[in-house]
Amino acid sequence: MTTLVRSTWKRLRTNFNDPILRRNVSLYMGGKLLGLALVLVIMLLVIPKAVHAATGATVQTPEINAINTVWTLIAAFLVFCMQVGFVMLEAGFARSREAVNILVEGIADTCICGILFWAWGFAFMFEPGTPWIGTTGFFLNGLGPTYLTTGVPVLAYWVFQFAFADTASTITSGAMVGRCGFWGDIIYSIGVTGFIYPIVGHWAWGPDGWLAVMGFKDFAGSTVVHSIGGAISLAGAIALGPRLGRVFKRDGGGPPPAHDLIIGAVGGLILWFGWYGFNPGSTLSALDIQGIGRVSFNTTMAACSGGLVALFISYARSKKWDLGLTVNGFLGGLVAITCPCYWVSPTGAFFIGIVAAVVVVFGLDLLEYLRIDDPIGAVPVHLLAGIWGTLSLGLFATGQFGAPTPTGADTSSVITGLFYGGGVSLLGTQVVGSLSVVIATLVISGLMMFVLKKIGVLRISEKHEIEGMDIAEHGASAYPEYALAGVLPSLIGHELSNGAVVAGFSDAVASVEE
Amino acid sequence: MTTLVRSTWKRLRTNFNDPILRRNVSLYMGGKLLGLALVLVIMLLVIPKAVHAATGATVQTPEINAINTVWTLIAAFLVFCMQVGFVMLEAGFARSREAVNILVEGIADTCICGILFWAWGFAFMFEPGTPWIGTTGFFLNGLGPTYLTTGVPVLAYWVFQFAFADTASTITSGAMVGRCGFWGDIIYSIGVTGFIYPIVGHWAWGPDGWLAVMGFKDFAGSTVVHSIGGAISLAGAIALGPRLGRVFKRDGGGPPPAHDLIIGAVGGLILWFGWYGFNPGSTLSALDIQGIGRVSFNTTMAACSGGLVALFISYARSKKWDLGLTVNGFLGGLVAITCPCYWVSPTGAFFIGIVAAVVVVFGLDLLEYLRIDDPIGAVPVHLLAGIWGTLSLGLFATGQFGAPTPTGADTSSVITGLFYGGGVSLLGTQVVGSLSVVIATLVISGLMMFVLKKIGVLRISEKHEIEGMDIAEHGASAYPEYALAGVLPSLIGHELSNGAVVAGFSDAVASVEE
Amino acid sequence: MTTLVRSTWKRLRTNFNDPILRRNVSLYMGGKLLGLALVLVIMLLVIPKAVHAATGATVQTPEINAINTVWTLIAAFLVFCMQVGFVMLEAGFARSREAVNILVEGIADTCICGILFWAWGFAFMFEPGTPWIGTTGFFLNGLGPTYLTTGVPVLAYWVFQFAFADTASTITSGAMVGRCGFWGDIIYSIGVTGFIYPIVGHWAWGPDGWLAVMGFKDFAGSTVVHSIGGAISLAGAIALGPRLGRVFKRDGGGPPPAHDLIIGAVGGLILWFGWYGFNPGSTLSALDIQGIGRVSFNTTMAACSGGLVALFISYARSKKWDLGLTVNGFLGGLVAITCPCYWVSPTGAFFIGIVAAVVVVFGLDLLEYLRIDDPIGAVPVHLLAGIWGTLSLGLFATGQFGAPTPTGADTSSVITGLFYGGGVSLLGTQVVGSLSVVIATLVISGLMMFVLKKIGVLRISEKHEIEGMDIAEHGASAYPEYALAGVLPSLIGHELSNGAVVAGFSDAVASVEE
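Each protein sequence line maps, in turn, to chains A, B and C.
Using the UniProt record's numbering, the letters of the first sequence correspond one by one to residues 1 to 514.
Using the UniProt record's numbering, the letters of the second sequence correspond one by one to residues 1 to 514.
Using the UniProt record's numbering, the letters of the third sequence correspond one by one to residues 1 to 514.
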């Protein structure tokens with residue numbers, strides 16, 4: 001039986017190595033996507049246009065509904081601005097020949113996410129149904145006019161949650177830079193924003209999600225957004241394997257140089273800026289003024305301590321003040337504080353950021369040791385710091401604040417961490433929540449990546465990888481003028497699989513084409 | 001008689017080809033501008049400082065005035081941020097030797113717009129007077145303290161409208177990149193923000209504008225901002241003619257390569273971010289929570305469907321996932337949804353975005369076929385998608401919403417499009433409005449461009465164009481270090497009018513100077 | 001006696017030239033910093049976690065507290081976004097080999113500022129104590145829950161003031177680009193955000209500050225933020241001396257070329273965007289709708305007139321429309337209007353911007369004449385335009401507005417400038433305030449820079465400077481791919497101290513290492 005499966009599998013694999021067949025599969029997938037679009041259109045036609053028909057409770061007074069809606073929408077806009085930060089961070093820290101791919105990917109992700117999160121993602125994630133998935137509200141049908149107890153309309157709340165879903169999706173691409181084919185990009189992007197993120201997210205944030213019911217807390221998404229995004233990244237990086245010519249530190253190499261540190265670090269700062277929508281906006285209520293103040297403060301503090309610690313670690317190691325590590329340090333602090341920011345004190349945020357930076361540095365080393373090629377550091381920053389942040393709530397929750405309500409933290413059911421005399425109960429819940437989400441995501445996304453790999457759309461061909469993603473998949477270099485002049489040096493000094501060492505840009509292509 | 005005119009004209013033209021005369025004219029225009037400044041100063045001195053003296057109705061309660069003012073101002077700041085997006089988009093998609101010009105132009109435009117929109121632009125556009133132009137409120141004199149029925153102070157509202165006017169002005173420059181002299185830039189910029197935009201805009205948005213009275217609807221400016229800006233672009237591109245060495249597709253060529261796709265695409269994403277001020281802010285009231293939620297949602301959806309469709313069109317055509325086309329696709333979706341975003345459903349927004357992307361692609365081809373050189377695609381994105389968006393309201397208005405009021409859509413006078421059983425009446429009005437604005441703008445701006453061309457300040461000399469706008473007009477390359485090293489390859493391979501083909505940067509200049 | 005001191009001093013200086021000793025001192029300073037961190041941690045443990053315990057007056061109604069808090073926080077986020085602008089402006093206008101340093105410095109500054117402003121900076125600056133310094137509220141202990149009379153929580157207000165302090169600190173780095181060692185950076189950054197800015201700032205903005213009591217007005221910080229930052233810049237630029245190979249105009253040279261004008265100018269525009277948080281946010285109240293409208297308008301107007309005047313000055317001088325000068329022009333306008341924006345009319349703002357641009361241009365010439373190397377123009381823009389702005393209030397205050405209150409300008413104690421019939425009393429107070437702050441800051445920061453210079457951590461070695469800050473201190477070029485290819489031309493044509501002229505990147509390093 002096993003032999004039969006294995007031989008069938010082998011035959012399938014061999015078959016899929018055929019380029020013509022692969023192209024046909026690509027076309028087939030394209031056909032599927034068109035079909036999907038068609039289905040969407042048909043769904044649109046059959047679903048009654050009743051979005052605004054249902055009644056919802058408006059909170060108290062028109063001005064309170066207004067201020068809460070303004071707060072939620074502006075936060076949503078800032079979270080959307082994180083897309084600018086992500087593409088700059090990823091493109092800057094990548095090589096020049098894969099930078100266009102990152103931009104197209106980031107934009108395509110956003111567009112796919114918008115359509116799917118309207119069609120079913122929001123329903124899967126935020127509507128009631130089962131503890132595992134929401135089952136009503138497709139195309140936001142029947143929801144509204146207001147949605148939240150804070151008086152925010154459903155369409156405004158959707159924009160906020162769309163921006164979150166988009167973030168999860170873009171995180172994923174960071175670890176897959178430089179060798180993931182674009183059909184693969186599109187399909188896994190549909191998997192992430194259409195299925196994995198909303199369904200697993202329902203567990204923690206759905207009204208009847210099993211983790212939510214269990215008491216698992218994740219204020220703005222260290223687990224729901226960052227660990228999910230980071231775990232898919234890890235699955236993708238493993239499934240893809242390292243980029244051509246990537247030699248790891250234990251083999252005497254190291255990551256290839258970034259191509260534009262300025263753009264990359266500016267992207268990191270824009271992410272920090274956008275995080276002020278991500279975390280403080282997650283109160284969904286401006287009336288909770290102490291909450292939004294506290295969250296804004298803690299977000300700042302964890303970023304500061306994380307950045308500074310990473311900076312000093314880089315100096316202690318190499319006597320150089322490393323820019324990339326510093327950026328990843330404050331991003332780690334931001335990811336970690338995202339879960340506990342509502343319930344911890346300034347002191348807690350300070351220490352959570354410090355540990356996050358250590359976790360990120362350790363994670364970068366670990367991936368290098370395991371020979372996993374994560375060009376942007378998505379796994380250490382989003383998965384590992386996300387896990388740390390989720391657990392840290394079990395240590396640092398001060399016992400002053402309970403669940404958020406429209407007017408402030410509930411004081412009748414405060415949560416207290418280990419360091420503040422609350423015992424290990426909260427910590428235990430956080431461990432269960434974090435591990436469940438991470439393991440489930442790894443399994444599902446691993447499966448998805450594996451299938452994509454087997455049908456041959458996950459990784460581009462060696463020839464295309466050497467030519468560069470941008471030329472091969474997008475028909476353009478990021479800096480076409482420089483490419484014309486032959487000065488684009490991404491590959492100079494790289495040894496190819498045929499033993500040749502690239503001396504210049506055109507050399508690389510030529511030596512493979514022969 | 002005709003002969004007399006023609007010979008006079010010919011003599012004038014010949015005379016203006018004299019470089020000394022042209023310099024004198026330049027100085028003369030400079031003198032005019034100084035004179036203009038002097039007039040401004042004198043006007044300031046004679047106009048009584050009475051801006052804050054008039055009384056205005058405050059709406060309901062102080063907190064409602066406050067929340068509406070905050071909403072309007074933050075939206076204004078986001079719209080201002082679109083300047084960042086525009087200059088990055090235009091500079092990135094241009095060649096490196098004309099990028100500094102784009103930045104200077106964008107900043108100069110903004111500065112000129114601020115002063116003129118204070119002096120008379122706001123008065124022309126938003127004050128009563130005749131159906132064709134406002135006639136009171138110069139230097140905002142006599143207006144305020146609050147201005148709108150939503151309780152927003154006149155100075156806050158001005159900042160919002162200044163940012164809009166600035167957008168219209170910057171759009172214009174996109175089609176004129178690379179060959180428009182800076183005196184020409186300054187003068188047409190005065191024409192756009194001081195006269196064309198506010199006067200034509202008054203027709204649709206003035207309290208007694210003839211199109212407004214007729215029932216023409218343009219929520220946030222698909223026509224007023226984008227079609228006006230795009231139509232001036234078209235007039236400018238035609239008047240200027242194509243850049244040197246620009247070979248069109250039907251002649252076996254194509255647009256010259258962009259010089260920094262990363263900066264360009266990031267600029268596009270920043271525009272999307274800023275659009276969240278542009279459209280939702282146009283309610284001018286946060287109390288209309290359903291309105292701002294709906295507008296935010298529809299803006300997102302049209303961008304997503306537009307971007308995705310353009311991406312797939314590019315792939316279908318060339319098997320490459322084109323970055324530039326994808327960016328223009330979501331921008332087209334954003335331009336199109338700008339007019340109807342208040343009155344359509346999510347489904348409507350989805351389809352409006354799809355059609356917008358098709359319109360943009362068709363428009364790019366059409367310009368290429370007509371041999372019109374629009375380096376950034378300002379005409380397809382802003383003029384054509386703007387027309388489509390304006391008309392689309394006549395098809396997709398759901399019949400649920402009427403004119404915006406401070407607390408929400410008026411339900412006593414809903415508007416209904418053809419697809420929702422409303423017949424062709426709304427569509428007809430939209431056609432009349434869109435065509436009137438576009439034709440009037442084309443005629444006026446065409447005349448302006450023609451005059452600028454005739455006095456010799458519109459297009460730079462061939463020598464300067466080959467040298468590059470940046471060196472010739474601004475004394476600096478965008479990347480001076482690289483220019484020093486001789487690696488700036490904008491012109492490599494270009495054939496000059498004297499038959500020489502440029503091999504390197506210094507060559508180009510040398511071969512013309514001989 | 002004098003001889004003894006001098007000889008001791010000389011011996012000390014000679015000793016510190018020893019590289020081994022210097023490294024030891026560096027390590028010693030590193031130890032000190034770790035010690036500082038330790039002290040911070042211990043302070044954390046001994047200080048009772050009582051931050052949220054104290055009671056504070058909430059203003060009027062929950063919705064008013066909420067709208068004021070939202071306004072203050074969003075303004076804070078926009079001010080934080082200025083960090084993005086600053087690093088882009090500085091990196092773009094610097095040479096490529098010192099751009100990474102600027103990014104690391106900007107981020108490190110921010111992180112240090114966050115921690116120190118929490119630990120004691122906020123207490124020094126905003127808490128009562130003496131006219132010279134605040135003495136309570138360390139670690140925000142005992143403050144809150146709300147803090148301001150506008151009902152804003154202390155933690156939200158802290159985020160706003162942190163972003164301001166961070167700005168002051170980042171300004172400083174602009175004049176010290178390209179030759180300041182990173183230990184020096186870290187230590188002066190601690191001096192700026194931990195001591196100089198909060199203590200001198202207390203004089204003007206503290207509840208019992210001696211300048212505040214005297215009637216000195218500085219609405220959003222032309223003096224407190226910009227003059228302090230600019231004066232420290234000046235002290236730093238003098239203490240450091242010019243960059244290697246920097247030839248001044250009177251010696252037949254000029255500043256070295258910027259390396260990326262696009263990034264630099266975009267950074268300037270992002271600063272303008274962030275300024276809409278800086279100035280309008282400083283009302284700390286959204287209920288003052290006339291105030292926030294007026295401030296937003298005036299901020300826009302001064303930037304527009306400043307930018308336009310600088311543009312025309314550049315053209316008048318060189319027949320080139322200079323991008324760098326235009327950016328510095330509108331930034332000068334923004335700095336100048338920062339103090340008076342609450343109390344002047346649109347006309348006033350227009351003229352304040354015009355003069356600011358002239359001041360900036362004059363200042364750039366003056367520094368060039370004095371052979372002071374300020375690579376980014378921090379001194380003209382922030383110090384000189386800051387002084388002008390502070391004084392301009394004494395000329396242009398209209399006599400319509402008094403001190404800001406939660407609901408608008410106090411009308412019982414209006415302030416009136418010289419041009420509006422108010423005599424010279426206000427002008428006199430502004431002169432005293434501006435000069436006191438500038439002189440005190442110059443003295444203190446000059447002392448600090450002198451000490452740093454003497455212990456050898458202020459300026460990097462000549463070898464490292466030629467190698468480039470980025471390689472020497474941060475182990476990375478901003479554009480590593482290009483550096484690999486040998487096309488990074490920062491130094492091409494520079495004459496080194498040993499007489500060699502650099503022909504290429506590797507040459508420069510080699511010629512010094514020999």
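A hint or two may mislead.
Each pair may be met inside one copy or between any two copies, as identical chains are not told apart.
Calculated lysine-lysine pairs in the BS3-like style (CA-CA distance at most 30 Å, straight line) [said to hold, decoys possible]: (1) K463 <-> K249; (2) K453 <-> K319; (3) K453 <-> K463; (4) K319 <-> K454; (5) K319 <-> K463; (6) K320 <-> K454; (7) K463 <-> K320.
Just so you know, these hints were derived from the structure itself, not from any lab.
Just so it is clear, the structure is predicted and the values come from calculations on it, not from any experiment.
Taking the hints in turn, this is what the structure says about them:
no.	hint	verdict
1	K463 <-> K249	both (25 Å within a copy, 29 Å between copies)
2	K453 <-> K319	between (41 Å within a copy, 20 Å between copies)
3	K453 <-> K463	within (17 Å within a copy, 51 Å between copies)
4	K319 <-> K454	between (45 Å within a copy, 22 Å between copies)
5	K319 <-> K463	between (39 Å within a copy, 16 Å between copies)
6	K320 <-> K454	between (43 Å within a copy, 23 Å between copies)
7	K463 <-> K320	between (36 Å within a copy, 16 Å between copies)
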